[in-house]
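Student: Residue-level listing of the chains:
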Amino acid sequence: NAGVMQNPRHLVRRRGQEARLRCSPMKGHSHVYWYRQLPEEGLKFMVYLQKENIIDESGMPKERFSAEFPKEGPSILRIQQVVRGDSAAYFCASSPPLAQGRSYEQYFGPGTRLTVT
Amino acid sequence: AQTVTQSQPEMSVQEAETVTLSCTYDTSESDYYLFWYKQPPSRQMILVIRQEAYKQQNATENRFSVNFQKAAKSFSLKISDSQLGDAAMYFCAYRSAFSGGSNYKLTFGKGTLLTVNP
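Residue numbers (my numbering), protein chains in the order written: chain A, 2 to 118; chain B, 3 to 120.
FYI, nobody ran anything at the bench for these hints, they're computed from the structure.
In silico DSS-like links for lysine-lysine, alpha-carbon gap of 30 Å or less: (1) B/Lys112 with A/Lys45; (2) A/Lys45 with B/Lys57; (3) B/Lys72 with A/Lys45; (4) A/Lys45 with B/Lys75; (5) B/Lys57 with B/Lys80; (6) B/Lys75 with B/Lys57; (7) B/Lys112 with B/Lys72; (8) B/Lys80 with A/Lys45; (9) B/Lys112 with B/Lys75; (10) B/Lys80 with B/Lys112; (11) B/Lys112 with A/Lys63.
Using the sequences provided together with the hints, build the complete structure.
Tutor: Structure representation (structure tokens):
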């Protein structure tokens, strides 16, 4: 059973470009979460999505950041017009449907390291 | 809002010895979940152990166990018979047991870097 997949693992963008980060949840998981980890910091919640719905985006910056989880395909975190401060590791996590046991557990992907030059 | 505090930025332990990592949290909720995650140099976040707040019994997973003190809002991780592969950053995390709003997210501490000396 494959774990959470994220790609690319490393992404380099120049200031002003767009960054697209992809996340495929574990098989059978319908909930996706995105977190950001700045250097020397813990993970900070950004957004929580279910298929075709954004449930909670309270941790997402209001501008330049967006996320989606379409009916088919991976979840996408999109950062437009990147700035140096966006350099961080971005982690995706997934959890099973609420009806299943331990739906409160989140399983993480390996992360995408974004570097803005 | 809930907060999670890990007061030990770094800890070290000798191989085969026991080490305890501290975590305290602040919440007004009565039901919640607590987790310890391990982040080795590969940066992959690995779930080590979880505790449901309504359970009085401390969780145990092989060499890993917790000391959950609900009244004190304390959730420490004990690693027994430490191995070189245990060297990593360890994060304590909180999640509400209630649904709705922002309750689904994990709130993390800043982490404790554990070094295991041979």
